[in-house]
Amino acid sequence: MYASFMTCVVITSLVAAAPEDRSYVKWFQIEPANAIHATKIGESWDFFKEKYNKLYKSTEEDAYRQSVFAENMKKIEIHNQKYKQGETSYWLGMNHFADLTAEEFKALNNGCLKRRVNLTDTTCSTFLPPHNMVLPNTVDWREKGYVTPVKNQLQCGSCWAFSTTGSLEGQYFSKTGTLVSFSEQQLVDCSTAFGNNGCEGGLMDRAFEYVKQFGIETEEDYPYTATEGTCNYDASKVVTKDTGCVDIESGSESALQQTVATIGPISVAIDASQVSFQYYSGGVYNDHECSSTKLDHGVLVVGYGTDGGQDYWLVKNSWGDGWGENGYIRMARNNGNMCGIATLASYPLM
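Residue numbers (mature numbering (1 follows the signal peptide of the UniProt record, and there is no 0)): -17 to -1, 1 to 333.
For the record, the hints were derived by calculation from the structure and aren't laboratory data.
Fair warning: this is a prediction, and the values are worked out from it, not measured in the lab.
Where hints are given, some of them may not hold.
Derived lysine-lysine pairs resembling PhoX-like cross-links, with alpha carbons at most 20 Å apart [as the list claims (entries may be wrong)]:
1. K58 x K89
2. K32 x K57
3. K195 x K220
4. K220 x K158
5. K158 x K224
6. K23 x K57
7. K34 x K23
8. K89 x K277
Generate coordinates for the entire structure from the input sequences, incorporating the hints supplied.
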């Protein structure tokens, strides 16, 4: 499969709804003010710092961060005005990284690069799509019980581990009828010999290889710490192993759709480096600045559908349930492999 860059970023969203007496917060949603006033910026800045317990080392640093915050507010207002006018299919909202410049945010992505050297750098088999199968128009595996609640990777570049456990959880449910939250921390701590780098990135296929050999414990038995630690693997607490993994034809959204419809939640990698993705708040995400090959974030496709004539993938992120649409994003489907969603897709066998 294509070379991939597995980088994970951390994000949490500002409040989804605000008290009525804080009307300035309404600006963060899909009806921005016509102009940004100093009073509005100041009130919003104070609310932001209170919400996220932001403390700065000096008044100068505070003033600088407020100016960055104001610039980010302007970017979101410009985009949301386009949404309001029907020029785009998604809207943006402020979040935890609103005091960072675009360069600073991108710098967070550069520390955990994991590359698949070539197309054969995997032990997974290849998905063979069924012939003449009529696929449903809409799939949502959450409704069938396959998906655990949205999790949060926090300050660790472990998106690959969350994508891995998501597909493992779905396949285990398919096999047993029991939904179990599996341990990302075990993968972070213990799968380095398989080519993963803990909080500095990894690949889902390599994590599947680890689970095939050693198995996976529950989140409860091996809880998440968002740091790299000593491997505390306990074979007696292993719930299940996979028997291998399957790669889906790279770049084929039709193959991905067939897999999602017939198998369950699927691990995928995407380009999440755009400012529009960072501040995504709702709608069908469609940004042609996304790359289909420079992938930096592992997520989980849990379904697909169509909204207002726009096909979309239903994607579970690992930035907490305050980001996006309760922790999910709907990404444009059948639109040129948007953000590389079909470039590096796979799932485990059980």
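Cross-check of the supplied hints:
Restraint check for K58 and K89: satisfied, since their Cα atoms lie roughly 16 Å apart, inside the 20 Å limit. With a CA separation close to 18 Å, the supplied pair K32 and K57 stays within the 20 Å bound. Distance restraint check for K195 and K220: the Cα-Cα separation of roughly 15 Å lies within the 20 Å cut-off, and the hinted pair is therefore satisfied. Distance hint between K220 and K158 is fulfilled; the C-alpha atoms sit about 19 Å from each other, no more than 20 Å.
A hinted pair counts as satisfied when its Cα atoms are at most 20 Å apart, and K158 with K224 qualifies at roughly 12 Å. Taken as a hint, the K23 and K57 pair is honoured in the structure, with Cα atoms around 12 Å apart against an allowance of 20 Å. Between K34 and K23 the alpha-carbon distance is near 16 Å, which keeps this suggested pair within the 20 Å criterion. As the CA atoms of K89 and K277 are separated by approximately 13 Å, the hinted pair is consistent with the 20 Å bound.
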